[in-house]
Structures are given as structure tokens and as C-alpha cells.
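K.L.:
Generate coordinates for the entire structure from the input sequences, incorporating the hints supplied.
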Amino acid sequence: VTTYSLKKVGGTQQEVSSLIFARMSTGEIKLTGSLAGGGGSGGAGTEAQLAQSDFDGDGSIGFDDFFLFADAFGKSAATAGAAYDLDGDGSIGFDDFFVFADLFGKSVGKPMAVPQWPVVAGGLQLVPRSTDEGLVLALQTQALPLRGLGAVVEYDPAAFRLIRVGSEASALAGREAPLLLQKQEQPGQVLVGLGRTGGEGAVEGLLAELYFEPLVPEATGLFQVREATVRDAGGLLKQPQHLGQVEARWVPQTFALQPNYPNPFNPATVIRYQLPAAAAVRLEVYDVLGQKVRILVAGSEEAGFHRVMWDGRDEGGRAVAGGVYFYRLQAGEFTQVRKLLLLK
Numbered sequence: 001v002t003t004y005s006l007k008k009v010g011g012t013q014q015e016v017s018s019l020i021f022a023r024m025s026t027g028e029i030k031l032t033g034s035l036a037g038g039g040g041s042g043g044a045g046t047e048a049q050l051a052q053s054d055f056d057g058d059g060s061i062g063f064d065d066f067f068l069f070a071d072a073f074g075k076s077a078a079t080a081g082a083a084y085d086l087d088g089d090g091s092i093g094f095d096d097f098f099v100f101a102d103l104f105g106k107s108v109g110k111p112m113a114v115p116q117w118p119v120v121a122g123g124l125q126l127v128p129r130s131t132d133e134g135l136v137l138a139l140q141t142q143a144l145p146l147r148g149l150g151a152v153v154e155y156d157p158a159a160f161r162l163i164r165v166g167s168e169a170s171a172l173a174g175r176e177a178p179l180l181l182q183k184q185e186q187p188g189q190v191l192v193g194l195g196r197t198g199g200e201g202a203v204e205g206l207l208a209e210l211y212f213e214p215l216v217p218e219a220t221g222l223f224q225v226r227e228a229t230v231r232d233a234g235g236l237l238k239q240p241q242h243l244g245q246v247e248a249r250w251v252p253q254t255f256a257l258q259p260n261y262p263n264p265f266n267p268a269t270v271i272r273y274q275l276p277a278a279a280a281v282r283l284e285v286y287d288v289l290g291q292k293v294r295i296l297v298a299g300s301e302e303a304g305f306h307r308v309m310w311d312g313r314d315e316g317g318r319a320v321a322g323g324v325y326f327y328r329l330q331a332g333e334f335t336q337v338r339k340l341l342l343l344k
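Counted the way this note's numbering counts, the sequence shown spans residues 1 to 344.
There may be inaccurate statements among the hints.
[To be verified] With a Cα cut of at most 25 Å, we get these calculated SDA-like pairs of lysine to any residue:
| # | residue 1 | residue 2 |
| --- | --- | --- |
| 1 | K75 | G198 |
| 2 | K183 | Q116 |
| 3 | K238 | G57 |
| 4 | K183 | G109 |
| 5 | K238 | E154 |
| 6 | K339 | V297 |
| 7 | K292 | F255 |
| 8 | K238 | V120 |
| 9 | K238 | G105 |
| 10 | K183 | A159 |
| 11 | K106 | G81 |
| 12 | K183 | A173 |
| 13 | K344 | P267 |
| 14 | K238 | F55 |
| 15 | K75 | D232 |
| 16 | K106 | Q182 |
| 17 | K292 | N266 |
| 18 | K339 | G316 |
| 19 | K183 | G134 |
| 20 | K8 | L215 |
| 21 | K292 | P264 |
| 22 | K106 | D58 |
| 23 | K106 | L236 |
| 24 | K339 | P267 |
| 25 | K106 | A51 |
| 26 | K75 | S60 |
| 27 | K106 | L191 |
Since the hints were derived computationally from the structure, they do not count as laboratory data.
P.N.:
Encoded structure:
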């Protein structure tokens, strides 16, 4: 369960973010991990599991432990080692991963001082693209072959909401899908961990896709990889030399002319339209006889969401009479007409 909605009697609809994992079998539902809090058993892992998850013994559960766990994933405890079998069922699977994910970022005791990871040439980049639903940021390598990645990606929470992180098309996928660890560190910051399972070799290309919903259609925001640790072909941990950042916005996928607001209006109204690509635009107002009243826009405009205000005046600056008017958008080969009502 990642999200759910509720509505109390007489109240408004509310969407709640959650992250609950459960294992189901005939006659039994056993909670094995919960990041949503709220009580119950098994959610946070035991003290023994906390100590057991510090696979490298540095006093904290971090990306180095995550990469080691990814190597052991899918194997039996006898083959990979009993330390990775966090639930004690004899195999290293998703039950163990859910326990590990809950414990990630915690300290076992007093952390040991570790040297700074060496810097490696190459880096990470964020490449934006728009879909009908929102903005997608592709997190990908830049001349940097790797077997695993741990990164913190920052974004503007006042402009965008993170929907999910996907690894379906990740280059890290081999015989099995890569392990994906996602944690919302704080508003505007998400931690992403990716690891190849079974000890497969280093790759380059797309690592993960981060899906965002703009809070307003015109939203623009800065996205950046704030910090990152990678695991190279030899299994060593290193820091990329370059961490990508990009300023991006959601671009609509279709031409459209929106209803003006307010409507009816007096003395002014706002007209909105959207362009999926740059185009020559003309936005004009006509009266019921088809006579041109006012040219609001005439020229080339970039892709995106646009708005313009009409103050109820003609080309000469004179206030027009109350009544029905039409506004028409021409953008390339696209044309759409809508009606508005001026009250006096």
C-alpha cells in the first residue's frame, strides 16, 4: 500500500502517503515491515536484526551494507551467509529486504571513522521529459560504469510532489530486477539506492526514473543530485566527480484553449492556453457578428502553459459593451474557439 484516500462525513477528500509491506498466505497475514508507523508488530526490526544488518561493521546501516545485501539477494543463507538472512527462513529474499529497508540509515552503536571514498571520473545526470501525467526525471550515468548506486536527489516540494521511483527500465537489471531502496528523507529530498543482484558486472545508462506531479501546471523547479556513492566493477565504493542538476518544468502534451475565468466577468478575465511545442500564436477576441475586437497575442511562443488577461477593451482602449464575445486561439495548425460573457 503506497497511498490511500479517505473522506470523513462532511469533510474533504484527503490523500495519505504510506508504505506498508505485508506477506500473505492461506489463513495468515503477517506484517513484516512498516514505514508508516502507528504501532503493530514487526515494523522496525529487532535490535538483533539492527546489529546483524551492519554487514561491514562500521557502526551504521548505509549504502555499503545495501550493496553487500544486493550481492546476496536471491541466494540461500548457506551460500551467501547467515548474516543476510534477517528473518531466519534460510533464504535471502524480499522479507529480508523489507526488514533491511526499515533499518537503513540507523546506527548500531558509535559509528567508526571511515576514510572519504575516492573520487572517480564520470558522473550522474538528470534528464527531464514530460508525459500526460507529469514530469519524469531520468537518473543516468555519464561515462561511469557501476554495479550499484546510492544517491540523494533534491527537488522543490513547493512546486512538485514525488509520486514514485521506478527501475523497470534500469540498465542495472540483469537476470533479475535490481534492488530498489527508496526513502523520503525530508520534504524535497529522496534517497535512492539501486544494486545489481547476484554479483553481476558494471553497466552504464539509465538507472532509475523519478516521477513527479506538478502542484500547479506552470511549476518550474530545480532538481539535483546532492550526494552520491557508487559501486564500481570491482566492488569498491567511490564518489562520482560530477553530480547532475537541471531546471525543469512540465510541458503539456497537447494544444488546448482553456475556459476563461471568471466567466461571466467584469471588468477583466484571464484566458489560459497550452502549447506542447513552440509555435506561432494568435489569440483574438471577436464579437457576435464576427468582427475582431482585440488581438491579445500575436507572435512566436515557447512550449508550456500561458495566460493572458483581457480587460474588456478594444484595440483603441475603449471599454466594449456588455454581452457575449468569442476568443479564438490559432497555434500552428491548431484552432479552438470559446465563448465568454462580459457583464455591465
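K.L.:
State for each hint whether it applies.
P.N.:
Hint by hint, here is what the structure shows:
no.	hint	verdict
1	K75 x G198	8 Å, holds
2	K183 x Q116	23 Å, holds
3	K238 x G57	18 Å, holds
4	K183 x G109	22 Å, holds
5	K238 x E154	20 Å, holds
6	K339 x V297	17 Å, holds
7	K292 x F255	23 Å, holds
8	K238 x V120	6 Å, holds
9	K238 x G105	19 Å, holds
10	K183 x A159	20 Å, holds
11	K106 x G81	22 Å, holds
12	K183 x A173	20 Å, holds
13	K344 x P267	8 Å, holds
14	K238 x F55	18 Å, holds
15	K75 x D232	22 Å, holds
16	K106 x Q182	15 Å, holds
17	K292 x N266	20 Å, holds
18	K339 x G316	22 Å, holds
19	K183 x G134	21 Å, holds
20	K8 x L215	24 Å, holds
21	K292 x P264	20 Å, holds
22	K106 x D58	12 Å, holds
23	K106 x L236	22 Å, holds
24	K339 x P267	16 Å, holds
25	K106 x A51	10 Å, holds
26	K75 x S60	24 Å, holds
27	K106 x L191	14 Å, holds
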